[in-house]
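Q: Note that the protein sequences, when read in sequence, are chains A and B. Using our numbering, the letters of the first sequence correspond one by one to residues 18 to 488. Using our numbering, the letters of the second sequence correspond one by one to residues 15 to 118.
Calculated from the structure, these hints are not laboratory results. Only true hints are included.
Straight-line alpha carbon distances no greater than 20 Å define the calculated SDA-like cross-link-like pairs of lysine to any residue that follow: (1) B:89 <-> A:252; (2) A:459 <-> A:266; (3) A:350 <-> B:38; (4) B:30 <-> A:353; (5) A:395 <-> A:271; (6) B:89 <-> A:250; (7) A:280 <-> A:303; (8) A:66 <-> A:39; (9) A:380 <-> B:75; (10) B:103 <-> A:112; (11) B:33 <-> A:347; (12) B:33 <-> A:370; (13) A:475 <-> A:304; (14) A:380 <-> A:316; (15) A:391 <-> B:70; (16) A:395 <-> A:299; (17) A:100 <-> A:118; (18) B:103 <-> A:117; (19) A:43 <-> A:62; (20) A:420 <-> A:406; (21) B:89 <-> A:117; (22) B:30 <-> A:354.
Okay, the calculated beta carbon distance ranges per label pair: (23) B:115 <-> A:18: 53 to 59 Å; (24) B:102 <-> A:74: 30 to 36 Å; (25) A:74 <-> B:116: 50 to 56 Å; (26) A:78 <-> B:116: 56 to 62 Å; (27) A:423 <-> B:100: 37 to 43 Å.
For every residue, glycine included, the Cβ atom is placed at its ideal position computed from N, Cα and C.
Spelled out from the first residue to the last, the chains are:
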Amino acid sequence: MVLNYSIKDLHEGLTKKKFSSVDLVKESFATIEKINPKVNACITTRLKKDAIEEAKKCDKERHDDSPILFGIPFVMKDSYITKGIRTTAASNVLGDFIPPYNATVYEKLRNAGAILIAKMNMDAWGHGGSTENTDFGPVCNPFDISRVAGGSGGGPAVAIATGMAAFAIGEDTGGSIRNPASWCNVTGLKVTYGRVSRYGCIAYASSFDTVGPTAKTAQDCAYVLETIAGRDQYDATCSQNKVPSYSKQITGDIHGFIIGIPKELFQKGLDNEIKDAVISATKTFECLGVQLKEVSMPLFDYGIPVYYLIAPSETSSNLARFDGVRYGNDRTKFTEETMRRIMIGTYALSAGYYDAYYRKAQKGRTLFIHEYEKALSKCDALIMPVMSTPPPVIGDLISDPLKNYLADAYTITQNPVGVPSLAFPCGFTKSILPIGAQLVGKMFSEDILLQLVYHYQKKTDWHTRKPYIIH
Amino acid sequence: MVVMKSPLITPQEVQKVAKLANLTISPKHEEKFCEQFASVIDYISKIQTLNTSDIKETSQVTGLTNVFREDTIDKTRMFTQEAALLNAKRKHNGYFVVSAVFEE
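Build out the structure end to end from the sequences listed, making use of the hints.
A: Here it is, written out as structure tokens:
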């Protein structure tokens with residue numbers, strides 16, 4: 018399968034005419050046709066003839082200086098507005114919504130010549146960590162189809178694990194890129210808040226939402242990030258900071274970098290196989306010339322209350338607009354989990370509870386900013402597990418809301434702070450389920466995270482292992 | 015600092031919050047909702063034990079202030095009336111139809 022090649026090799030193969038964009042698009046559709054009935058990763062697949070038409074145009078117009086993603090097929094989480102292509106956020110509220118404009122991230126990828134193939138399944142509105150809270154049926158893990166793929170971006174992660182496309186665009190509010198990346202053995206980047214425009218991204222919690230790549234490697238993430246990052250006049254929270262050449266900087270020497278190990282994050286509640294795999298990853302970094310340093314983050318246990326007060330509060334406000342008047346269906350179409358999150362937020366914001374819950378959580382958010390600043394003042398990145406357990410069996414998490422929230426412990430403290438985090442494969446359990454680790458860095462230090470994981474992936478082969486389902 | 019006791023959520027409270035959120039909870043789901051809602055509120059009430067004296071709130075992390083744009087009309091972003099109405103379920107003579115707010 019050609020789509021298992023790296024983006025660099027795909028670009029080179031296209032330039033040297035070893036294969037064409039039409040070949041890639043055809044392979045993409047063939048894989049979806051073969052694999053999707055088993056995993057349910059796609060919500061809307063584009064008309065094949067439209068995508069082939071775009072590919073033909075790319076093959077005709079390709080020249081030596083064509084952008085790196087020119088003529089390369091990709092998929093997006095169904096939380097991004099795509100003009101003329103149904104966009105649902107995996108909710109029946111938007112079951113038949115045809116957007117009249119494009120999200121900036123989609124516009125940037127189109128301008129770079131990348132070809133959209135499908136809009137992917139997710140937890141409705143991003144509300145979940147298992148892609149079970151969806152009106153389009155749960156997504157199955159390609160390493161064991163009785164288990165969840167993770168969420169909320171289960172669809173994009175499965176697409177990359179199974180070769181449906183060369184890369185995917187996810188959206189991370191509290192782990193939605195990193196959680197499914199770790200459970201599906203792919204690499205996913207939660208960017209610094211404001212690094213990539215959110216314009217046209219259906220909002221979950223506006224001050225946490227980030228737009229980022231899910232791909233096979235850190236290097237592929239670098240190519241996608243340098244294409245989609247940067248200022249956008251349509252998103253006032255988007256950073257004016259210059260976009261580095263991530264793919265050029267990625268090969269730089271990592272000798273002397275310091276990775277911090279927050280000791281509180283390797284204690285109670287963490288699965289032993291996951292703990293061993295992440296500790297083993299730190300040893301690999303040490304072999305690569307990186308220094309390790311133990312750090313302390315005692316605030317960690319307050320992550321769930323801070324996140325699950327602020328995010329539902331913001332979502333209760335964001336989802337108030339869905340009234341079925343201008344577009345979509347009415348509010349009776351929300352799933353139970355979405356209703357629960359709207360109601361928790363409404364409760365936390367209501368008179369009499371605002372100070373005790375919402376305002377208190379916003380103060381907790383300030384403390385987490387200090388906590389990360391302190392921990393990162395002694396090192397270049399922090400290493401953590403992504404998930405505390407391997408992927409559970411379908412039905413396990415969705416039946417118990419609190420358990421569902423507690424599963425997010427390692428991925429929900431970065432979003433209130435805004436710092437970037439790169440999730441990458443670092444091992445397997447005895448029953449062959451993927452394990453992921455994440456490196457968390459200072460604001461706008463995506464370059465360092467990508468560089469560290471680039472060298473890790475040169476040294477290890479976890480990220481190259483494919484699920485049995487593709488054979 | 016007043017430490018609030020974890021609240022016991024009654025069906026009346028759930029219905030009140032649902033009304034504020036413009037959601038409908040059927041009587042059939044009410045009990046389950048109360049139970050699940052209470053278990054989540056109970057857990058996140060742990061926030062009360064966090065010492066936040068002299069700490070200011072954070073509502074956003076961009077570090078940006080006063081982001082302005084030119085006060086000009088960008089015609090490339092304007093919808094035609096047809097495009098704006100494209101997804102509306104109820105329309106009349108080129109307008110959105112909304113439920114009546116005032117009674118006659």
